[in-house]
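4 protein chains.
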Amino acid sequence: MSVSRVVELEGHIIDSGMMQACFGIVMDLDGAFDVEEFRVGRSKTEESYCRMTVTAEDPVTLQSIVHELHQHGANPADPQDAHLTPASADRVVPEGFYSTTNHPTEVRFEGEWLPVERIEMDCAVVVHPADEGGDRGAERSALNHAPDGEGPWAETKVLNAIEAGDLVVTGETGIRVHPPERPREKRAFGFMQGGVSAERPSESTISQIAEELRRVKADGGKVLVVAGPAVIHTGAREALARLVREGYVDMLSAGNGFAVHDIERDRYGTSLGMDTETLDHPRKGHKHHIYTISEVIRAGGIPEAVAEGLVDSGVMYECVENDVEFVLAGSIRDDGPLPDTITDAIEAQNALRRQAHEADMVMMLSTLLHSVAVGNCLPSTTRVVCVDINPATVTQLLDRGSAQAVGMVTDVGTFVPTLADYVLAEES
Amino acid sequence: MSVSRVVELEGHIIDSGMMQACFGIVMDLDGAFDVEEFRVGRSKTEESYCRMTVTAEDPVTLQSIVHELHQHGANPADPQDAHLTPASADRVVPEGFYSTTNHPTEVRFEGEWLPVERIEMDCAVVVHPADEGGDRGAERSALNHAPDGEGPWAETKVLNAIEAGDLVVTGETGIRVHPPERPREKRAFGFMQGGVSAERPSESTISQIAEELRRVKADGGKVLVVAGPAVIHTGAREALARLVREGYVDMLSAGNGFAVHDIERDRYGTSLGMDTETLDHPRKGHKHHIYTISEVIRAGGIPEAVAEGLVDSGVMYECVENDVEFVLAGSIRDDGPLPDTITDAIEAQNALRRQAHEADMVMMLSTLLHSVAVGNCLPSTTRVVCVDINPATVTQLLDRGSAQAVGMVTDVGTFVPTLADYVLAEES
Amino acid sequence: MSVSRVVELEGHIIDSGMMQACFGIVMDLDGAFDVEEFRVGRSKTEESYCRMTVTAEDPVTLQSIVHELHQHGANPADPQDAHLTPASADRVVPEGFYSTTNHPTEVRFEGEWLPVERIEMDCAVVVHPADEGGDRGAERSALNHAPDGEGPWAETKVLNAIEAGDLVVTGETGIRVHPPERPREKRAFGFMQGGVSAERPSESTISQIAEELRRVKADGGKVLVVAGPAVIHTGAREALARLVREGYVDMLSAGNGFAVHDIERDRYGTSLGMDTETLDHPRKGHKHHIYTISEVIRAGGIPEAVAEGLVDSGVMYECVENDVEFVLAGSIRDDGPLPDTITDAIEAQNALRRQAHEADMVMMLSTLLHSVAVGNCLPSTTRVVCVDINPATVTQLLDRGSAQAVGMVTDVGTFVPTLADYVLAEES
Amino acid sequence: MSVSRVVELEGHIIDSGMMQACFGIVMDLDGAFDVEEFRVGRSKTEESYCRMTVTAEDPVTLQSIVHELHQHGANPADPQDAHLTPASADRVVPEGFYSTTNHPTEVRFEGEWLPVERIEMDCAVVVHPADEGGDRGAERSALNHAPDGEGPWAETKVLNAIEAGDLVVTGETGIRVHPPERPREKRAFGFMQGGVSAERPSESTISQIAEELRRVKADGGKVLVVAGPAVIHTGAREALARLVREGYVDMLSAGNGFAVHDIERDRYGTSLGMDTETLDHPRKGHKHHIYTISEVIRAGGIPEAVAEGLVDSGVMYECVENDVEFVLAGSIRDDGPLPDTITDAIEAQNALRRQAHEADMVMMLSTLLHSVAVGNCLPSTTRVVCVDINPATVTQLLDRGSAQAVGMVTDVGTFVPTLADYVLAEES
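Protein chains in written order, with UniProt numbering: chain Z, 1 to 428; chain B, 1 to 428; chain P, 1 to 428; chain D, 1 to 428.
Bound conformation, chain Z alone (with noise of 0.2 Å):
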């Protein structure tokens, strides 16, 4: 006695992987399965159709296998409504609660598909029926930019956003998922499918990342950077600091000891005691940095030792003089903190959520602490540029099903002065 249920593809479902995806699912989730209708697209602009039905041994194998099909793209031909239940307590989600992917998905509410807003991967999605009343919708236009809406909507919620009452999305019904799809023609940033590679052309990668930073900002879009401390040591401090300045970074996520080195070259020539010009080590280290944290502390904040003249270059200064939002996290190893340094790890990455919607190219430069924390509410449309010299990292944080992605082992102190190099040569 088995039970089944019947899903549709669409689209270019081949060469994406969609049709091997769900066939492997079915397949490992001991299912099986039985092509009612197939039409391939013909030619590459032709869209392909797949109708099947799939078949298990029980319910709870079933659900398994068409919860795996969802996350690939495959969708219940026979839509239905969404299951709804509400929260039972703050920060508890129910029984079966849908766990969101990273690709746009949408959700079926009164017969109605509504996109869900903010995507990001593994939360629960919330419905808001329309007549919730006003402080939902000016929450919600104040979240997404959005003029107020008046129909009912639908987000994501991390687990600690959820609230007695949200009414949270259940079990497998009403949602459809759209998985990027290749792109048809040949782009700089590859359709990721696993596997990074130490060896390629830097020069010509850069170039080409060049390209892709220069035609964002041409388009309107938002160019967010997540940077470690490495970018200053290695001496990239200059290089990023300019591209801020000249416009082409709108959004910097970073860590306090960060921003704790970029003052401290500012206010000693050193990077954690070392001058990075010369080389040489002046060997009172760290004292530089404690009282770099030290004087910030005492003027009030970043902002207020820049307008205080205490510090004038480097990467937070010209984030400071060019409105570049900042987001400084706190971590257990930092010193001080500095004022500007979100101590709350809930709060830094909420703060941290908020820049990773608004931008439409990241990148991560030397950091698998922020760029995971970044990454993990990244939609799967966004742009994203990877850099660190260790491989492990590179793959790590490119194994997020981006559909854009470019991925470099290579130095960032070489790396950031060339970037800075071709995007402002080719400006003039």
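It should be emphasised that the hints constitute simulated quantities derived from the structure, not laboratory data.
Any given hint might turn out to be false.
[To be verified] One side only, chain Z facing chain B, incomplete, derived with CB under 10 Å: (1) S16; (2) M18; (3) F38; (4) T61; (5) W113; (6) P115.
[To be verified] Sample of chain Z residues lacking proximity to chain D, with all beta carbon distances greater than 10 Å (derived): (7) M27; (8) Y49; (9) E112; (10) G165; (11) E203; (12) K287; (13) E304; (14) D335; (15) D411.
Just so you know, these numbers come straight off a predicted model, no measurement behind them.
Where a beta carbon is used, it is the ideal one built from N, C-alpha and C, also for glycine.
Position chains B, P and D relative to chain Z; hints supplied.
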């Protein structure tokens, strides 16, 4: 004015990724396709079939598309005999020679499909017509452990084995490639599609490798171990020696250094001068290494040193005592070398090639150089286990398209003893 | 009845590290020294001089000490001619041959010091007396681009260049080595002094760590374990839980992720969705992770979840049951987090600091972030064990100047079970 | 007009490296020393004593020298009380605060040496006078598990624990540091002394290497480049060819693969089939590689191929045109090989040895195998530059005791072009 060609795919072409790969190739190479017939396997055991016309702007583009499709298992719908062009000189291939994949391959000669013997990546295919005479037939049977054939036959040849007059396959017609299909049931050994993670439960994975090793031996298969010096330095020597003694290793591939370290351990209790039990460093260091080589030279070689009682334990000792064939390949880093080491790279490569073609399962233990050399000669149907502390090494070695491979980023110093415990425990 | 020998050092022997190295050698090799004369260079250009008598229990030990001292530039005070022994055959060195360093070297022949030409590490030294005749002289000038010499000369030979009859230097007398001195002025090019190697015998090292762990506990010391999520993913959870249960862990420092993975394993048999026994990937993936957090939130925290029977195995369970204090520090990557996680970085750092100051031994298991945070707070007298698959992590963590530290580049998935076996086996 | 200060060291100051470190500090920081008294411990249990006057040009330099000496255990000979300065605000340290090491430390207060409690690196020291009252005493005993003290006491405080009014130690007087001494007996746990860090300012380091390269050439020295295939794959080929053409390379050591990739790039614009400009992958892949070898074989070798115009750009081309001697060593991984490749390992090693002995400076670019082979033959006086993306490779290569070496963990694809720019820019 465009040119076109009809190609066919059959088998589990969707879930094995063949369809996806082929559509991708046509688009990447600026071709177009027109699917004329597509029968999808309705269930997981039913095979699929696709026939499509591939079109390109010019014959050169079409040829490169068709070449790539070949490599992924799409064959021309209108089979003709393969083109054969005689090699003009030793070690010189004709223009347009067919370069092999590591998948099972057939070549069409006088209307008949001949399997290509000893398939290996990046080689030429040479066809031997029936009337070639006795010598070649004898050579063939020697190479392949097969009864004397009377009819025509085909084989791969590396560039430097090509002889003037050899009939080399050129062009893309008359060749059929069979890439491995995704197994229908789940297995310990994965169907490789890129991506290696360091974070897998180590002991469970090792126990599954042990099981596969026992299964291969139970089926009368041959096991080749490719071992680097780290096996000795990290203290895994005794465990590997046990596996040899108990009959779980049929062939050993290593370098001069491996054998010297192993024998040094027997003679002096050290490996490169460090006592591997007490961690004491007697500080005679490299001297033991040189002495070891000097003594084996005096004896005349490793088997002679074993015979005269100079060596009475360890991996090399067990190989000699148990008639396990070993190939020691020389390198520019070597001290000595031992008389048993093959110093000529071509000769050593040929010895490795013979081992690779006989093996049913290959275990690559902490050596990039030898593992790449062996891996280059393996058909895609051989089981491969690859263990290294460096994730990049594991990724590179598994990236050869083996159908059944498992990679572990772990320490051979704990891997081999744990494996030996699992294998030999199950025995008793 | 002991034996002794007088040796001399001269030059910038203190700041070049020669004195330190020589004192260390004598102590490591169980010898004793008696400094008879010591003239320190009073200023940075003045050279120093040291003459000391080295004593050992037996001639073999003395010889090995004197050999090592040689390699570091200490020469016997009573120069005699070097011993020369003819090679008995091609490529065979005489017993007791002198094995070279790569430093400039002289050999004493007929009362005269000859520079050893073409110095190179790990070679033999061959002396050519003056009357050798024209061919050798010609060979020498060809090799060295030097004018024909008339007198005797010496050179290094690699093993396989040794010819029967070559006069090979044996023993330790009549040789002077000149290690490079630390440059007096600063330069771009550093003075290199060793590094960190991954290739040490793993099982022996682990057994010594086990011994130290037992000793610390026997002395009433406290053990702090700093653990990353890889401990769970690689299957080392049960072994660590055993160590906690058996009283070998007094404090635990980890992140939110570690605790969630550990509890998820208890609840669902998975870690981030992967079954750590069967390697099956139930494909519900991250959902178990979120559920786990949600349920612990509902219970009110980990101790409450243990109390109500929600969690009944694993590391966190054993910590609760055995009153082992745990500190879970939050991070911007976290899901949830659990109610037990300290989300404020400063507060978390203070909690870690308290643990760090109480610990007598710290084991850092596969977590860079938490290990750095703990390491920052440690006095240099605390014993540190650091295990990671990434050599760079181990190097960075040991680079804090601990007086008693051991680093292993290995896989925690095999390290922790092996450690537990050693620790607990010795117990019974 | 110079200033000076008398400092003392005592304990096992030689074998613990303290003397060496202190002499090094004075020299690095442009000071001078005059050893007034030196009593060496005559045996391994006897302690040593050194008193010396340290002189510098100005008080600031002297202070920084004395600060560093402190950190390494040298204390002023004329003990005075430590200076105490009240903190002006919470989380703000006074100018000139003393920044701690992680070694046991004492501070002198009212003529008495107080141990600094809870010692930890990079903190301030706060002294609590005796009359502070009950609360602080209670706090202290809570923190330290110690009985209530009545007298004055001292502790470390991290920046953010500093409260307004805290008496913070400033300056360098009245403080004693006790670095750990090398244990007298052997232990499992090593005495750690630093490592290798990847984070150095890349462009500055490269400019200094460029300067050294120019200096070596200006002095008539010879430069040997040891290059791996990554030089070609990462796009550094043209820059290396320029350096050869401009006379900055006298010898080249590489493998068969390097030369083939270089010539393939000339012939087909690809390297292993990938276009290094456009990143296009013509998908003929390995075939170009085999063709390249086949054509050079037909020509008779690389110089012949250059002579007949088959090759007209690249590294090998410039070597032939500029009479730069190249040694191509064969390996078991090779395709072909080229007729110029030396396939016998012994013969190849001898050729490398000749190059190594002639070189005054060696640049090792992304090849472990060839770099180890060359490094084995180098005297410790040869300048070595080692560049690799893998930190383990750099560490291993620098671990040969060279007196003048610089290692960079960076990407050759950006390193070589940047180096060529610096070298050739300075020229014009």
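For each hint, the structure was consulted:
Nearest Cβ of chain B to the Cβ of S16 (chain Z): about 8 Å, under the 10 Å cut. The hint holds. Taken as an interface hint, M18 (chain Z) checks out: its beta carbon lies about 9 Å from the nearest beta carbon of chain B, inside 10 Å. Hint status for F38 (chain Z) relative to chain B: holds, with the closest Cβ pair at about 4 Å, below 10 Å. Given the 10 Å rule on beta carbons, the hint for T61 (chain Z) is violated: about 14 Å separates it from the nearest Cβ of chain B.
Interface hint status for W113 (chain Z): violated, as the beta-carbon distance to the closest one in chain B is roughly 28 Å, over 10 Å. Proximity of P115 (chain Z) to chain B is violated relative to the hint, the smallest CB-CB distance being about 28 Å (cut-off 10 Å). At roughly 30 Å, the least C-beta separation between M27 (chain Z) and chain D is larger than 10 Å, which holds for a residue marked as non-interface. Consistency note on Y49 (chain Z): stated as away from chain D, and its beta-carbon is indeed over 10 Å from all of that chain's, at 29 Å minimum.
With a least CB separation of 44 Å from chain D, E112 (chain Z) remains clear of the 10 Å interface cut-off, as annotated. With a cut of 10 Å on Cβ distances, G165 (chain Z) stays outside the contact zone with chain D, its closest approach being about 39 Å. Its beta-carbon lying about 5 Å from the closest one in chain D, E203 (chain Z) breaks the requirement of being farther than 10 Å from that chain. Look at K287 (chain Z): its CB is around 4 Å from the nearest CB on chain D, not clear of 10 Å, so calling it non-interface is violated.
In this structure E304 (chain Z) is separated from chain D by more than 10 Å, as the shortest Cβ-Cβ distance comes to about 14 Å. At the 10 Å boundary, the C-beta of D335 (chain Z) falls inside the reach of chain D, the nearest C-beta of that chain being 6 Å off. Consistency note on D411 (chain Z): stated as away from chain D, yet its beta-carbon is not over 10 Å from all of that chain's, at 4 Å minimum.
Checked against the numbered hints given earlier, this structure breaks hints 4, 5, 6, 11, 12, 14 and 15; the rest are met.
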